[in-house]
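Here's the letter readout for the chains.
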Amino acid sequence: DGGITQSPKYLFRKEGQNVTLSCEQNLNHDAMYWYRQDPGQGLRLIYYSQIVNDFQKGDIAEGYSVSREKKESFPLTVTSAQKNPTAFYLCASSTTDSSNQPQHFGDGTRLSIL
Amino acid sequence: AQSVAQPEDQVNVAEGNPLTVKCTYSVSGNPYLFWYVQYPNRGLQFLLKYITGDNLVKGSYGFEAEFNKSQTSFHLKKPSALVSDSALYFCAVRVGTGGFKTIFGAGTRLFVKA
Numbered sequence: 018d019g020g021i022t023q024s025p026k027y028l029f030r031k032e033g034q035n036v037t038l039s040c041e042q043n044l045n046h047d048a049m050y051w052y053r054q055d056p057g058q059g060l061r062l063i064y065y066s067q068i069v070n071d072f073q074k075g076d077i078a079e080g081y082s083v084s085r086e087k088k089e090s091f092p093l094t095v096t097s098a099q100k101n102p103t104a105f106y107l108c109a110s111s112t113t114d115s116s117n118q119p120q121h122f123g124d125g126t127r128l129s130i131l
Numbered sequence: 002a003q004s005v006a007q008p009e010d011q012v013n014v015a016e017g018n019p020l021t022v023k024c025t026y027s028v029s030g031n032p033y034l035f036w037y038v039q040y041p042n043r044g045l046q047f048l049l050k051y052i053t054g055d056n057l058v059k060g061s062y063g064f065e066a067e068f069n070k071s072q073t074s075f076h077l078k079k080p081s082a083l084v085s086d087s088a089l090y091f092c093a094v095r096v097g098t099g100g101f102k103t104i105f106g107a108g109t110r111l112f113v114k115a
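Taken in order, these protein sequences are the chains called A and B.
With the working numbering as the guide, the letters of the first sequence map in order to residues 18 to 131.
With the working numbering as the guide, the letters of the second sequence map in order to residues 2 to 115.
Here chain B stands alone, though its shape is the one from the complex (with noise of 0.2 Å):
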């Protein structure tokens, strides 16, 4: 069964540390990777995606994303978190061409302290 496995409810780091959340998946055939981020009662954000490629993936707001095929990874990251990335975010992936289902993991939520 395809799933994708985001192992920390939470993640906390203090402003300007870097941050990592983490995603894993397991899929049959070649997956499209996404990152997108939720505010309170806002719908999901695009933030990036990996189709192929480089394996090191930039988005939106200085995130950015390494795609890890051994480790059927892809981990978010970025180099100095600000409080305004305190959020909730989701990996998600969709498989191969013609595929309509995303599957979308359970969720991280980051909080970024002053």
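Next up, chain A with everything else stripped away, as it sits in the complex (with noise of 0.2 Å):
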């Protein structure tokens, strides 16, 4: 079945340390997303990529990072330099020929703070 792999499910982070989140997708979807879920703020957009090798920011991308280098692939980093790391991260995916699609999600990694 076609969709989108986030891992690991659960994460901790150390003070001082940066980490990684997997999102991995088989839809052949040339555009991804990465989102912050915090409780009673919705969805807010990290970064996202159009294309390989390509990638802008979203509303609140300081203290992250992103790299495109496969189409499948599109991992967050979460930098020391993130104050407030502790969320629900949400990958998604969708086409690039027509913005009326809607997006595809991953079932998400929760981050928190050891």
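In short, the hints are calculated from the structure, not lab data.
Where hints are given, some of them may not hold.
Claimed, not checked - Lysine-lysine pairs mimicking DSSO-like chemistry, simulated, CA-CA at most 27 Å apart:
| # | chain 1 | residue 1 | chain 2 | residue 2 |
| --- | --- | --- | --- | --- |
| 1 | B | Lys70 | A | Lys87 |
| 2 | B | Lys102 | A | Lys100 |
| 3 | B | Lys102 | B | Lys50 |
| 4 | B | Lys102 | A | Lys26 |
| 5 | A | Lys74 | B | Lys102 |
| 6 | B | Lys102 | A | Lys88 |
To be verified - Computed footprint of chain A on chain B, listed as stretches where at least three residues anywhere in the stretch have a Cβ under 8 Å from a Cβ of chain A:
| # | stretch |
| --- | --- |
| 7 | 42–50 |
| 8 | 104–112 |
We treat Cβ as the ideally placed atom computed from N, Cα and C, and that holds for glycine.
The two chains are supplied separately, each in an independent frame; assemble them into the complex guided by the hints.
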């Protein structure tokens, strides 16, 4: 079955540590996205990528970094500069030929501070 | 600024009764409107979308939504609620051709009581 796989499901970060969240899709989608979900705030866009080797900052990119070396993969690194990283992180993908197509989401990674 | 509002944090309804989850939007240009559902510790699942045409859109699991251009609303409805419909519902909007950014509402938690 086609879909988006996020790993790990739960992740703990120590002070000063960088951590990387994995996102892989086999839907052959060009566009991929990272969102942060906090209670009562909906989803906020961190980064998005429309094509391999290209990505753009979203609304809350500070303290995060991404790469897009392969079409299938869009890992997110939460750096030590992100002072409040505790949240539920969602990866999504979509086709880019039309903006009327919905996004497909993974099942998320919950990041907590040790 | 473009925005989506879900005015109710929570909606409570008895099983078998009709339900409505409200959404209003503010965008420039022609909006593409979406509803997603999220179950605990899962990603978002697409329910339905409005692109153009009939103002009443039918989607998955018996849900439908009514687009009202004059009131800039896109309320989600279901004629008869099920306990299994209890979840977090998000309204979202994308704007125009090639618009890759999706704006999400803060979410409405639906409780269906048996």
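Worksheet item: Against which earlier hints does the structure fall short, listed by number upward?
Response: 1
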